[in-house]
Structure formats: structure tokens, C-alpha cells
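Novice: Given these sequences and hints, build the entire structure.
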Amino acid sequence: MEIDPFIFRLSIFILSIFVGYYVVWSVTPSLHTPLMSVTNAISSVIIVGAIIATLSGSSEKIFETSNIFGFLAIILAAVNIFGGFLVTQRMLQMYKKKKK
Amino acid sequence: MSANLSAIFYLISGILFILALRGLSSPETSRQGNYFGIAGMLISIIVTFLTVGNFGTGFIYVLIFLVIGGSVGAYIAFRIPMTAMPELVAGFHSLVGLAAVFVAISAFLKPEVFNLGTVGNIKLASLIEMSLGASIGAITFSGSIIAFLKLRGIMSGAPITFKGQHLLNLILGLTTIFLIYYLCATQSSNIFWSIVAISFLIGILLIIPIGGADMPVVISMLNSYSGWAAAGIGFTLENTALIITGALVGSSGAILSYIMCKGMNRSFFNVILGGWGASEQSSISKNNEQKPVKNGNADDAAFLMKNASSVIIVPGYGMAVAQAQHALREMVDALKKNGVKVSYAIHPVAGRMPGHMNVLLAEANVPYDEVFELEEINNDFANCDVAYVIGANDVTNPVAKSDPQSPIFGMPVLDVEKSKSVLFVKRSLSPGYAGIDNDLFYRDNTLMLFADAKKMTEEIVKSL
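Residue numbers (the working numbering), protein chains in the order written: chain F, 4 to 103; chain P, 67 to 530.
Honestly, the hints are just simulated from the structure, not real lab data.
Predicted, not measured: the structure shown is a model, and the values here were computed from it.
All residues carry an ideal CB built from backbone N, CA and C; glycine is no exception.
One should not assume that every hint holds.
Label-pair restraints from in silico Cβ distances [to be verified]:
hint: 1; chain 1: P; residue 1: S496; chain 2: F; residue 2: E67; range: 54 to 60 Å
hint: 2; chain 1: F; residue 1: Q96; chain 2: P; residue 2: K407; range: 25 to 31 Å
hint: 3; chain 1: P; residue 1: E178; chain 2: F; residue 2: P8; range: 16 to 22 Å
hint: 4; chain 1: P; residue 1: N431; chain 2: F; residue 2: Y24; range: 30 to 36 Å
hint: 5; chain 1: P; residue 1: F335; chain 2: F; residue 2: Q96; range: 36 to 42 Å
hint: 6; chain 1: P; residue 1: S137; chain 2: F; residue 2: P8; range: 37 to 43 Å
hint: 7; chain 1: P; residue 1: K328; chain 2: F; residue 2: Y25; range: 16 to 22 Å
hint: 8; chain 1: F; residue 1: F11; chain 2: P; residue 2: E94; range: 33 to 39 Å
hint: 9; chain 1: F; residue 1: Q96; chain 2: P; residue 2: N336; range: 34 to 40 Å
hint: 10; chain 1: F; residue 1: Q96; chain 2: P; residue 2: P358; range: 46 to 52 Å
Specialist: Structure (C-alpha cells):
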């Protein structure tokens, strides 16, 4: 009997939750705000779906309804990707060691 | 690019995202972690372009929209003041949520693009996944908007409650589940739109009853939701990078919510069901009689601290509101010149989001190795000469340890009263967020400094 590929994805999902659990507990509390902004940035990898939505159709019909939603999603995700990583970087720059 | 090869690259992105979070375990490795995150994102995007392999006009449009969104994001990232981080994060959550909704809509309208079947004949599993992704995304979006408005002060932070609220939420939640089931049976687009609409409504209803003081929990919770929404879409698109990321973000947000709840000694459900601070009036009334307080000025404070050998600073959100963090650091610098050992004690809910106070202090160039968390420093108060409480209130209230009647009983608090003397900078004797009187004001070793946090700190700097 063949295993449904869904089961593999589910396995990845469950294991990632465990990885996330242990990794996040090891994050130092003083960096919890950067943690939130960086998780924000990486969750915008949803842009992958938006790109597929806009580019996979036929080239003549660029502005079909479904593509427009894809384009909107690209803008939103791009705001988040750039904004999220840059603001995280800005915050992390401030965490410096004591000047001796 | 073959599907197998791109799947491998998506897996690599996922691993880079894990390393990005791993980097945050210490400030030294954190910047490197952020670069891992950026690399993961770049790989994902480039691989997607190569897999789709369409570099026609559409590709140009995608790049243009990427640049537009990217510039807006970069502009916001550079301009935002650190005090406004909670709003920013809430705003960003809403974008992730809405993006998830849009991708789900797009997949529903044109399933063949994503290999999910054809319109009216979408695979059952995909239909469930995309409607879950859209629903959670919509809740994240509208909930984050409400959180944003409350944090920004556009909407009052007071909890909005009405009769039958929880029942209504329950009914709406069950309706959504029923509609998803119905959608699977009929594939009707009207039902899909109804699911999205009802989810927007649930998001609003879920956040309005939660008060301003509970915002740290709300932001963390919405962080978690945005992750689950991404994971839902990841299952629909059969994309490993998205599934891994969604799971990471989802569990990260959940852990932060847990930490915040523990910091306030409240259960998660207690926060979600809302309405704190509005009803607890009983404990205030009995404390209304005039009690003697010792009142001091900047010179007294300067004298006390100059002659101390160790000082612990306890900052709270009030410090950030008064923009006193830079003045505070000057004061600490002056004290250090006098040979005083200074450290900072941070309560888990000192700011308005997890770790907020640490960022504010870091911005004022306070070295992170002088900043300590509650558990690390709480025993040191007993050996400390002066505790300087600035803009904090409830998190220092000894009542949390002694009075089981108090609404904050059991909340972990900083043992400020154990230090030899306490300097409490506050504008008046008014109670804090929790609406309860602070016993600390009336202790013999407490000197109240009635003034604006920034002004008082600046005056102390002068008299040092």
C-alpha cells in the first residue's frame, strides 16, 4: 500500500513544531522582540504562493482576478519581508557588548 | 527546475529559518541568525521563479510589485521609533494574515495553477487546507488590525464586552467549521466567501474584549496565528519551506503567549475571555484612607544613590512613555563614575510586548550584560542599597505575594521592597494598570519622587 504524500507533509509539520518548541525556548528573553519581528519576516515566505499564482497562468492574461489577488499578496508579503528583516537587523545592531 | 530539486531547496530554506531563530539564543550570534533568515528567503524566492520558469511580462510586474512593497517595508523599518514596535509587529501580522487570505483566494479561483484540480472539482484535502488557511489568515488580519488600533491609541484600550459575547463567538466558530464541511460537499464559491467574511468578523470579536494591559499576550497570540495560517497555505501548495516556517512561527508565538501569561499569573483562557481591570474595584476602596508617604526630591535621590555601593534600576512602560531611557543611562553613567555598581531588572511584562523593555534599553546604549531578567536578579535586591523604580508599578507590588484577595496575587513580582531603600519615581499615587494600590508607596524604606520620569532623572543627573 502506498503512503499518501500528505502524511509526509504532516510529519514534517509535526516535527517542525517540536523543533520550533525547543529552539524558541532557547531564545534569550532579552531578544523576544527581535524574535517576533523575525518570525514575522520568515512567515512571509508565503510570497512563494503569491508568485506561483501570478506567474503560472498564460502570459496573455496577466490581470485576471486570481492574478490580481496574487499581486496584492506579493506587495503585502514584500512589505513584511523587507520591513521584518530590516527592523530586526536595526534592533540587533543595538545589542552591543559593554565598551571597555 | 525539477520538482524534486526545488523541494530540496525549499527544505534548505526551512533549515536556514530554523538557524535564524537559533541565532537569537544570544546577542552575539543573533545578527548572523538574521542573515541566515534573509538567505533562506532569497533561496525560496529565486527557486520559485526558476520552477515556474515564466520570465515574460508577468515577471516584470512581479518585480515591480516586489520593489514597491519592499520600499514601503524598508521605509517603515528605518523610521519606526522603538517605542512603537508593538504596533509595528501587530501591523505586520495583519499583512501576513491578509497575504494568506489572498493566496488562498487565488488558489480557489485557479486551482489548476497549483495542481489542486479544476474549478468546481478541487481535491478534498486541498479544499480543507485552503479554507483553514484563509480562515486563520482572516482572523489574524482583522484581529491584528484591532490590536494595532488599540496599541496606537486610535481605539480605546478598554475592553469592549457585551452580553452573549462568548456564545456569539462560539456560534460563529461552529458556523465556520460547518461551512468548511459544506464547502467540501458543494465546492460553491459563495460558501468560500462566507467563510472568509465570517472569519474577519471572528478576528474582530476575539480581540475587542481584551484590555490594553493584556496586549503582550494578544500580540504573541496573533504571531502564533499568522504561523498557523502560513502552514495551512503551505499544505495547500505542498511547499516544505512554508510548512516548516508556519510550524516554527506558530510554536514561537504560542510559547511567547505562555511566557506572557505566566508573567501576569493568568491563564490563557482568562486573557482571551477578557475584561480584566474593569471589574476589580473591591480592593481599592479599603485603601482609600490617607496613609503617610515619604516624599523626596532629586537631591535626596542623588545623595542616596551616590553613597550606595549597588543600585538596581527597575524600568517599566511608564519610562518609555516619558522617553526617559536616555536620561536614565546618563544617570547610570554618572553613578558608575562614582564607583556604584548598577544593574537593571526587567519583569517579563515590563513592556507592551515580549522583550520590549530590553530593546528600549538597548536603544539607549545600555549594554545588554547589565540587564537581567526577573529570575536572574530577584535575589539580589536583598543585598542592594537602592532600587530605583521608574515607570513601573504593578510588577513591584508586594501584595502579589501576601494578599490572596488581590487580583494580582500569585503574579511573579520583583522583590524591590527587600532593598535598603527604594526610590519610586511616579507622577502621583494613582494605581497602575491592574487598578490596585501599591503597598510599596507606604513602606518606611520607600522615598517617593513625584515627578515626570524624564524630568526627575535629568534633575538627578544634574545634582550628581
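Novice: Which numbered conditions among the earlier hints are violated in the structure presented, ordered from lowest to highest?
Specialist: none
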